[in-house]
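**Q** Residues per chain, in single letters:
Number of protein chains: 4
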Amino acid sequence: MKPFVHIVQVYYEDTDHSGVVYHSNYFKYFERAREHLLGVDTLVRLWREEGIGFVVYRASAKYREGAVFGDRLEIRPTVARASDYRALFTQDVWRPGGQKALVEGQIELCCVNRDRQLVRLPKLVWARVLD
Amino acid sequence: MKPFVHIVQVYYEDTDHSGVVYHSNYFKYFERAREHLLGVDTLVRLWREEGIGFVVYRASAKYREGAVFGDRLEIRPTVARASDYRALFTQDVWRPGGQKALVEGQIELCCVNRDRQLVRLPKLVWARVLD
Amino acid sequence: MKPFVHIVQVYYEDTDHSGVVYHSNYFKYFERAREHLLGVDTLVRLWREEGIGFVVYRASAKYREGAVFGDRLEIRPTVARASDYRALFTQDVWRPGGQKALVEGQIELCCVNRDRQLVRLPKLVWARVLD
Amino acid sequence: MKPFVHIVQVYYEDTDHSGVVYHSNYFKYFERAREHLLGVDTLVRLWREEGIGFVVYRASAKYREGAVFGDRLEIRPTVARASDYRALFTQDVWRPGGQKALVEGQIELCCVNRDRQLVRLPKLVWARVLD
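Line order of the protein sequences matches chains A, B, C and D. Here the first sequence is numbered in the numbering used here, starting from 1 and rising by one per residue. Here the second sequence is numbered in the numbering used here, starting from 1 and rising by one per residue. Here the third sequence is numbered in the numbering used here, starting from 1 and rising by one per residue. Here the fourth sequence is numbered in the numbering used here, starting from 1 and rising by one per residue.
The set of hints was computed from the structure by calculation and includes no laboratory data. Among the clues, some could well be false.
[Said to hold, decoys possible] So, partial list: chain B residues that the calculated Cβ filter (under 7 Å) puts toward chain A:
id : residue
1  : Tyr12
2  : Thr15
3  : Gly19
4  : Tyr22
5  : Glu104
6  : Glu108
Backbone N, C-alpha and C define an ideal beta-carbon position, used for all residues, glycine too.
Work out the full structure, taking the sequences as your base and the hints as a guide.
**A** As structure tokens, then:
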């Protein structure tokens, strides 16, 4: 898989009164980066045609430095197959040209159908990111 | 209808880097107050059993003063029937004991079924707030 | 001023359990579009060097149709000087190639300094959008 | 420390189009519960008078079951002193009377001053929660 970068612009909405990005918002950035990595069109088709959606079952982040209003962040996700049912994403947040990630995230996902029953990770998704 | 007040505590999550509550968050406060005014249990039953949900079709707010971290705000909603299909809520935001509303909101709602077709406002809702 | 378009991708985070974008999120989209129209770098410089920020004092939206997960929306802002202290933005939300705006927004802004005192709209901003 | 429970009502704003609470929102619930555990008034005074704020430097959650619109959740935080500079919160999410936590969270916090320099955890905070 070639390196993938998703850019996030930090707006007023992202920050809190302490002056930096509110901690839980990085999990939104991670989701955006994952969706672009997997392919938004693919995810939409899976959802509409097969009723398959993604569920986060574990999420963690380590925060080293706060991003601020006006930052243009790079979210760099990688993905590995943890099992036939689970995918593990590593998703770090960088300032362009920075020496160190501002935030390091790990997200574990599974897929569910319309009845919220666990299903195998769709081949379509894996084909794209693992080849 | 007797006066109704819904209390909202302002947390880190509500503020932005300018030091006050981010403007769009008041629309969330308005929704919370509306739901408690109408009765959360009633709304949940309508949604689960009849597939009826609420849709905002017009929303406006006038901002006079910014609320800050630690404020404990009073959201004071009133509601009027605009037609068989539309309800009009006035929802103002006060500091306890304040002389003037910090924010003044107006929200117009309608109801839709599972296919997002317009339906009449459910009697259950009106009985509660207009009697 | 030449027409300006800001693209917003709709993610899981933007939607609610009724299946469409949660109504207050459009106000976030409007802010993003405004910031890009005015120039993020300019706004950051104003904030850091002069302590000047933007405050919304009136916001309204009319909702015609709900956007859904996977939509790639066009936010089309225009701006007019309402006075030396106020700017009025019209910000509509379109699906590419659509016949009608999904949402129509109007936002009135003013500028404040670090003490939250009203100041004139900075020339820098006007030069960019009105020339 | 006596057991502490903070109640969170799940509104439209909290859910996403898959029908359950969006995963990052639990981190907001955790923050709210922490603030009430520590005392909102105390935190406000620390912030305004001494410029001391809280910074999350590690956050994780394990999701077992999704909460839905209308749920009234119990957030049950406990706190331990990890060092003079760090506090460790365990924060689980329950349905009232449930057999198992829906979500289990762990948050590590430190305190910073106005210059975002690390400072010792304020005694005021510890006195309240550890006695």
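**Q** Next step is simple, just say for each hint if it's right about the structure.
**A** Hint check results:
no. : hint   : result
1   : Tyr12  : holds (5 Å)
2   : Thr15  : holds (4 Å)
3   : Gly19  : holds (5 Å)
4   : Tyr22  : holds (6 Å)
5   : Glu104 : violated (21 Å)
6   : Glu108 : violated (24 Å)
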